[in-house]
Each structure stands twice: as C-alpha cells, then as structure tokens.
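**Student:** Here is how the chains run, residue by residue.
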Amino acid sequence: MTLLPEGFIVWSVLAPALFLLGFALLTLLLGVFQRDRGFVAAVALTGIAGAAVFALHFLMEAQRGSAESGFGLRYLADAHASAFTLVILLGTALAVLVGQGTLERLDLDHPEYFPLLLLSATGAVVMVSAGDLITLLLGLEIMSLAVYVLAAWRSDVRQSQEAGLKYFLLGSFASALFIYGIALTYGAGGHFDYASLMAVFAATGFEAHITALLGAVLIIAGLGFKVAFVPFHQWAPDVYTGAPTPVTTFMAVVVKTAAFGALLRVAATIFAGLEAGALGAILPGVLVVLIGATLVVGNLGALLQAGVKRMLAYSAVAHAGYLGLAVVAAGADGMAAAGFYLAAYTLMTAGAFAVLTQVMDDDDRGDTIEHFAGLGRRRPWLAAAMAVCLLSLAGIPPFAGFIGKVLVIQAAITAGHVVLAVLAVVTSVVAVVYYARVVVAMYFREQSSAARLPERPASRSVDVAIGIAAVGTLLLGLLPGLWYTLLEQGQNLLVFVSSP
Amino acid sequence: MVTFVILAVVSVVGALGVVLLRQPIHAALSLVGTLLTLAVLFVTLQAHFLAVIQVLVYAGAIMVLFLFVIMLLNIEQQRKEIRPWLRWVAYGIGLVAAVGLIVGALLDPRQAPDAAVARAALQGGNALLIAEVLYFEFMLAFQLVGVLLLTGMVGAVALVQRRRPPPGGVSAATAREAVLTDRPGRPSSHPVEAGGR
Amino acid sequence: MDPLWVTLIKAFVLCLVLLGAFAYMTLIERRILGRMQHRHGPNRTGPFGLLQPIADAIKSVFKEDIIVTNADKVVYVMAPMISIIFALSAFGAIPGGPAGSLFGFNPWVVDLDIGVLYVLAVTSVGVYGIFLGGWASNSKYALLGSLRSSAQIISYELGLGLSVLSVIMIAGTLNLREIVEVGVWTVSPWLWPPLAVAFVAFVISAIAEVNRTPFDLPEAEQEIVAGYLTEYSGIKWALYQMSEYVNMMTAAAFISTLFLGGYRGPYVLERLIPGSSEWPIIWLVLKMAIFMFLFIWLRATLPRFRYDQLMRFGWLYLFEVALAATLLTGAVIAFVL
Chain A
1 MTLLPEGFIV WSVLAPALFL LGFALLTLLL GVFQRDRGFV AAVALTGIAG
51 AAVFALHFLM EAQRGSAESG FGLRYLADAH ASAFTLVILL GTALAVLVGQ
101 GTLERLDLDH PEYFPLLLLS ATGAVVMVSA GDLITLLLGL EIMSLAVYVL
151 AAWRSDVRQS QEAGLKYFLL GSFASALFIY GIALTYGAGG HFDYASLMAV
201 FAATGFEAHI TALLGAVLII AGLGFKVAFV PFHQWAPDVY TGAPTPVTTF
251 MAVVVKTAAF GALLRVAATI FAGLEAGALG AILPGVLVVL IGATLVVGNL
301 GALLQAGVKR MLAYSAVAHA GYLGLAVVAA GADGMAAAGF YLAAYTLMTA
351 GAFAVLTQVM DDDDRGDTIE HFAGLGRRRP WLAAAMAVCL LSLAGIPPFA
401 GFIGKVLVIQ AAITAGHVVL AVLAVVTSVV AVVYYARVVV AMYFREQSSA
451 ARLPERPASR SVDVAIGIAA VGTLLLGLLP GLWYTLLEQG QNLLVFVSSP
Chain B
1 MVTFVILAVV SVVGALGVVL LRQPIHAALS LVGTLLTLAV LFVTLQAHFL
51 AVIQVLVYAG AIMVLFLFVI MLLNIEQQRK EIRPWLRWVA YGIGLVAAVG
101 LIVGALLDPR QAPDAAVARA ALQGGNALLI AEVLYFEFML AFQLVGVLLL
151 TGMVGAVALV QRRRPPPGGV SAATAREAVL TDRPGRPSSH PVEAGGR
Chain C
1 MDPLWVTLIK AFVLCLVLLG AFAYMTLIER RILGRMQHRH GPNRTGPFGL
51 LQPIADAIKS VFKEDIIVTN ADKVVYVMAP MISIIFALSA FGAIPGGPAG
101 SLFGFNPWVV DLDIGVLYVL AVTSVGVYGI FLGGWASNSK YALLGSLRSS
151 AQIISYELGL GLSVLSVIMI AGTLNLREIV EVGVWTVSPW LWPPLAVAFV
201 AFVISAIAEV NRTPFDLPEA EQEIVAGYLT EYSGIKWALY QMSEYVNMMT
251 AAAFISTLFL GGYRGPYVLE RLIPGSSEWP IIWLVLKMAI FMFLFIWLRA
301 TLPRFRYDQL MRFGWLYLFE VALAATLLTG AVIAFVL
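Residue numbers (the working numbering), protein chains in the order written: chain A, 1 to 500; chain B, 1 to 197; chain C, 1 to 337.
Wrong hints could be hidden among the right ones.
[As the list claims (entries may be wrong)] Label pairs and their computed distance ranges (CB to CB): (1) C:A324 / B:L106: 54 to 62 Å; (2) A:Q489 / B:V19: 49 to 57 Å; (3) A:Q161 / C:A334: 42 to 50 Å; (4) A:V426 / B:E132: 55 to 63 Å; (5) B:G92 / C:N70: 35 to 43 Å; (6) A:A281 / B:E132: 35 to 43 Å.
For the record, the hints were derived by calculation from the structure and aren't laboratory data. Cβ atoms here follow ideal geometry from the backbone N, Cα and C, with glycine treated the same way.
For reference, chain A alone in the conformation it holds in the complex (with noise of 0.2 Å):
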C-alpha cells in the first residue's frame, strides 16, 4: 500500500472554498423552514465575509512569500488564487445584495437560489485555486451546473427556458471539448498536475508535440467559451439577455472571472511549457487571432445593440478581449494586470446590472435608451453610479476600468504583441460611443411617455451593491496601487522558468 507523503492533505488551504460550501449547505438547510429572505442572504453574505477573510490571509501569506498549496500542488492558495477568491467573492456579494433587492418583485423568490450562487461560487474558487486539470474540470462544472439552472430560473418565460437550455448544451459540448483537451494533455504529457506538464513540455526530448498543442488548443477552446472568446462567444448574448438580470449580474462577472483565473493559470505554466518547446510559436498565434476577433466582434456587436442589456452582454464580449491581452503576456505581468483588469470589471460590470435592475419593469423588461432617457433629472444617483460604472467600462481616465487597460495593454506590449495592444486601443475608441450613448441619454433628454419609469420604492440592499460598486470604481481608479501591488508582489507558485 503506498502511503501518502507528509504533508499531501493541507485542508486549511481549502478554507475559502469549504466556507463557502458550509454557507451553501446551510443556507439550504435555512431554505426549508425560513421564510425570510433577508435572513438567508444575510447569513450568504456571512459566509462570503468568512471566506473572503480566508483568502485576505492567503493573500497576505503570499506577500510574505511564503505562498501555501496542498494535496501535491494541485490545490493552491497563492497571491493568484487568492486574489481571484477575492474578486469572485466580491462579485457574489453584489450578486446576493442585487437578488436580496430584486428576487421578490421579479416573482422568482424560490428558496434553492442563494444555496446556487453559493454553490456556484465555491466552483469558481476550486477553479482559480486549482493546480491540475481534474481539479479545475471539476471546479468548471460545478460552477456551471449552478448557473444553467440560474439561467433558467424565470421557468415560465420562454426567454429564460431558451437561456438555461442554450447555456446548458453548448457549456456541456464546450464541457466536452474541453474533457478532451484534457485527455490530450493527458496523453502527451502523462500528467495531470500543471507543475509536472509544465516541466514535461519543456524538456527536451518531448516528442508529442502535436498532441500536447492540440489539447492546449482544445482547452483554450473550453475556456474560451465560458469568457466568450470569439467565436465561442455566441451563446453569450442571448444567454445574458434571457436570464433574469440578478442572475445575468452574477454570470458576467463570477464566471468570467473564474475561467480567467484558471485560463492564466494555464497560460503560465502548460502553454509556456509547450511555447518553450518545437511548434511553440503556434499557441499564442491561436491566441492572438481569438482575441483579434473577440475585440472586434464584441465592440462591433455591442454597437448595434438597442437594448442595454444586450449591449452589456455584447460589451462582456469586448471586455473578454481586453482581458485576452494578459493570457498572452501570462508572465507574472500578466496575471497581475489580469487580476488588477477583472476586479474592475467585476466592481462596473455589476454596478450597471445593479442599475438595470432598477430601471427595468417587475417582469424583467425594458432595457432600452428610451428608459433611461432623463434618469439624470429623475433619480440623480442612480444615474450617477451609472454614468461611473459606463464611463468606466469605457475606459475613460480617472475611473478603474482605464487603468485596467492600460495595464493589460502594458502587459501585451511587453509580452510582443504590439499588433493586439494597437488593436485594442482603437477598438476602446468603439467602445466609447456605445457607453456614451446610455450617458447621454440620462443626461441630456427627456423622459419619454412611452417608457416611463417604474414607480416603487427603492430597495436598499440594491442601493448598497449599486453604491459598493460606484464608490469601488472610482477609489481603484484613483489609488490603483492599494490593488495592484498586493497582486505585483505576491508570491505565485508553478511560475514557469525556461529552463537555461
């Protein structure tokens, strides 16, 4: 029988991930017999505060240099992970604060919703902690599992059945496309765990070259779905359109970050094996054309979109593409700047849905610029945070969502890919026009009679995540450095070092 080496079970570098999961079993058992809502999210966002404690330990652990990981390397806790457990703790908490305000008045208040999000969240941390490819499979649909159902939750509306279903089968054939690269890797490489495929792909005297691109390939492909690279992308309009906004909230921003987590994760250390070897330039061509495509599909598609829903999901795209930028250049650069890009996006991203949500009717409808014309004279606020988390999204200095940019655009530029860093900029020029066009509209014009706004009382839990996200944006843009250099200096294990 052969026994375990010293020190292979480390439960404690689990403890975000197994908080999360506590919460998520007890928020399910509460479901049962509490009626009150605002108990459960209450102790949900108890759950996410004692996680995210967790991971601020690891974090600070990391600066330290004295990263932590268990079970052989394939479960980390490093500045990478943990960072990422922040920022997809940070966007479950908004997404929790917005269905708090939301679920009731949408008629969606059923009582397995916040034991899924939790649910959900404890995949995305396995995923962005992950250190081998099982692992992180198991993370990915763990996570996705949650959200099909998510998508689907409004039952009796034919969009979100579409939404639930469409997100369902392409995530399962994306899910096996991805099982495959798995297998691929599997096969050329002979391991699971990132640290020994990296060093595997990078010796020399690996032969199976084809093999082991070809599985990188399929795996870019499986991910890619999940961030919406093109052309894997186009579930993501429809899916984002047809899921209730608290839902459609939580998918922009937890998911996406979770797949990029674990996409940078592999970036640094599988596909920089695999580029230090023979046919290594492939890759990041591969690379370099999804995301060429992404940035200019997803800021085209966003342009023509009427309603504002489907132009942010047009605009999750786009941002995909930006974020593309770091995968390339994966180095420690890249990840940081990654880490640093995404809890912007998350922070604006679910601002704007927060604001949506508001301004949308009880059946979950009315998402176009007539809707928000005259929201600046009407509810100043509102149209306030909006107005920071667009302009943001944007790219427009001095909010989070520039600075992200021009960080993951440093990134590529150092990384050699001028060509993308210039693509990207002038696709940001694009991106300005659509945004903008949502300002000038609350703004500068009338409330039309048609689209009048929906006269109820303002829910406060909605009002915080819509502030939290508001006030954050503005704050990482003006002192970025509080952010980044947490994520600059923290230790990240499995880095990949060519060997001399």
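Got chain A sorted already, so can you dock chains B and C onto it with the hints?
**Tutor:** This is chains B and C only, laid out in the frame that chain A set:
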C-alpha cells in the same frame, strides 16, 4: 486476438447503430450493446473492476434512465430533418476523424505496451489499485465530485419542484411535505410517480 | 483458476440445476400457499403433485406462441431472453463451498475479486428484460408495468447498494468467498447493530428488486392486468417466470453469502462434528431455503403496496436507514476498532 476482433466489430456495429437507427429505443439499445461489449473487452484485458463498473454504471443505471425518459416522453421518430445535408457533413467529418485516428495509431512509433506487462501490473485485485489512486492521489477531486453531485441535485430540485406557497403563509416545509405525500387527486410533479400513474 | 472446459461444464450444470429448482419451486410455492390459505394446492398430478411442473412445462412449450401484431418483433422476442440470460449468469459468482471441496473441484463457476459488484451489475442489467418486454408489447398495461418496474428497481438499488457497503467495509474485500471466510459477525460486537440494520434493509431491498410481494407492482393484476407480462404467452411467458424464480434464488443465495456465512455450517454443529462446515453446497442450499420460504410466506401474508407508498418507502425510509447503517459502520471502524 480473435476475441478482440470479434468484440471490436460488434462494438463498432453497435456504435454505428446508435447513429443510424431511426427508432430512439433501438438506438439506445444499440448503445447498451456497445457498452456491454466494451465491458467484455475490459474483461479480456484483465480490468475486471472497470468492466463491472462499466456495466453497473452505464448499462445498469444511466442507460436505464435514458430509456426511461425516452419511453416516458414517447418520442416519435423524427420525420423531417431540418438540414439534411448536415447529416452528411457530420458523416464526412466522422469518417475523416476515424481514418486519421487509425493512421495516426499505426504510424505512432510508441506502440502499445506489452500486454503481459499490463496484465502483471493488474494482477492481485485491481480494485485495490484503483482505490489507492482514487482515495490518495485524487482525494481532492473525489470530494469535489460529491459537491458536483450535490449541485446537480439542488439544481434539479429547484427547477422541477417549484411550489408557490398558497396565500395565508404555509411554510415551505409543509409545502414540501405535501409534495412528497402526493395525496390522491393532486397532480403529481414527481417524474417517477407521474410515470407509474 | 479452472481450465476453461471445467468452467463451462460447471456453468452448464448450474443452469440445469437452477432451472430444475425453478420448476419445483413453483410447485412448492403453490403447495405452501395452499396450506396457508386452507386449501390443497396442486396434488393431482403424480404423488403429492410432483409431476405438476413437468405438465406445466409441456403445456408452456406446446401452447401457441402469440406475437402481438403491432409489437416491435425483434425486441419482443429478445426481451425474455435478456431476462433469463442475466438471471442465470448472476448466480455463477456465488461460492457453494470452500476451494476444492466438491470432489476436488471448486464449487463455484467463477471466483471474482469483485464478486459482489459482479452480482449487482448483472442483476441490474436484468431489468432490461422486463423493461423492453413491456415496451415492445405496444400495450398500455404492459408499458405501465415496465415503467413501474424500472422505477422501482432503480429506486431500491440504492438501498441495496448502500446496505452491501457495510459488509464490504467490514470484510475489506469484494470477493464473495473471502467475505464468507472473514465472517462479518465475528469481527466485533460493536458492528452488530449496523450489520443488523443493513441486513434488514438488504432483505427488504432484495425482495423489491425481484418484484415479489409486497413489492410486486409491475404485475398488479387489479390495476394493470399482468403488467409487462400481459401480452406474453407460451414459452416466452415461461422464460419470464423462470427468470423471476432464478432471481429469487440468486437473491436468497446472495443474502446468505453476505450476511449469514454463505456456505459455512453453523458454529455449534462444527463443534459437534468437526469439519461439518466444510461440506459443500448443503449449507448454502439450506440457508437459501429459509429465504425462499420467507418470500413465499410474505406473499401469503402481506398486501401489496400502493405505488406512491412504495416510492416513499424506498426513498424516504429505506435509503436513509441503509445510509445510516453505512455511516455507523464507518464510524465504528474508524473510531472504535
């Protein structure tokens, strides 16, 4: 070798049946046949545990559920295809992939490891070997599968068993009890019970 | 390992024995039921009605074999065969005595490291026979019967599998012969409570798995004529009957092997007559007979479950109880032993 060829032919024919047969039940049965043949193939490779799990999980559980759903929904044969050419494109791609796989396997310099070596490695209870890998090396993954199943369960219940509490504030617990008791006269939402009615 | 020809001969003999046992089980069952219901039962054909099974066999073979016009012919013919083939093959892994005790041969057909799983797997495939038979008949009663049956079997497989887990954990092996040799009750008195619970849960699940009263809903006459058997007649109908009885015997042998020391004789008798527990076959057959009698007894005594009661019992009570037994066993092994 003769056994292998027979089994291989049967399993490939079964797999083709899954794609080509029009009647959904026949296609599903064909898949069961393929799965059972694969199980026998595993037995000839001395992988007993894998073979039994294959039968128990795939043929015994998953395919029964498949058939169950097909029968319950009473799926009619699809009469009109939406894009007939798509079928042929798919056949073409499948053919190219199969030929590519065979050529690739034949050209690969690393041939399959000696069967005797593999057999020696599997001697003496391969359930134990699998347990060692599963519960030690992949312990984390094993636990995560549990979380995945839980998520699936919660999700399925959330989508299927949706009961609004009646006005007057009946607690969720009572509502649930009512669903489980399934008193006569109430429409059943439980898929299994609905089937047996 | 036996040479292939020995295995084949043993398999053939086992099939014959099982089918012969089936024939006389029908007689025994009818006689016992008669007794319990204050009537005679079949007693006209030969002494004590001993020739009745032969008469029945002749009737079944020569009766007109109806194939329903709108049936799915291939599946309709295949279904009873699937049923009987898997019923017969499941028994092969059950050991009838210690190695080499049967005139120098091993009293089993195959000795598998994963015997427990093998039996579970093969019996779980057997459900296809019932399932497909009901579907291929193209009749509503048959279809309802087969749907009921498959739902029931899937549901009770959970309880079955979970209660086996206790035994496997205690014995530390999946090999049926080794489980018998370990003797699960002798390991520790601490394990008696969970084992007892698992035993009861297992017996109940096993009865449900073989569709016997009070779980014989797939063929509930008052509601759905004869369930999946409605459109079958002649030899095909007889094949289904055979597989039901063979499954009963497998279940009885499986229970005896897992929980009651299988082929080993009673401890007291071993004290009186040393070596008596080494005798092949006899002890297993005796233990099986007890369970066969139990099955018949239950049939004469208990009314049938209603369908929703059946599902509720399986999912809400049996499953939980079996799970508790498993957890308790695990806890005892981890913390007490």
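**Student:** A:A281 and B:E132, beta-carbon distance inside 35 to 43 Å?
**Tutor:** Hint holds: Cβ distance 41 Å, inside 35 to 43 Å.
**Student:** Is the gap between the beta carbons of B:G92 and C:N70 within 35 to 43 Å?
**Tutor:** At roughly 37 Å between Cβ atoms, C:N70 and B:G92 fall inside 35 to 43 Å, so the hint holds.
**Student:** Could you tell me whether the CB distance from A:Q161 to C:A334 stays inside 42 to 50 Å?
**Tutor:** Hint holds: Cβ distance 46 Å, inside 42 to 50 Å.
**Student:** Regarding A:V426 and B:E132, is the given constraint of 55 to 63 Å on their beta-carbon distance met?
**Tutor:** holds, 56 Å
**Student:** Using the beta carbons of C:A324 and B:L106, state whether their distance is inside 54 to 62 Å or not.
**Tutor:** holds, 55 Å
**Student:** Assuming the hint says 49 to 57 Å, is it satisfied by the Cβ distance from A:Q489 to B:V19 or not?
**Tutor:** holds, 56 Å
Hint violations for this structure: none, all hints satisfied.
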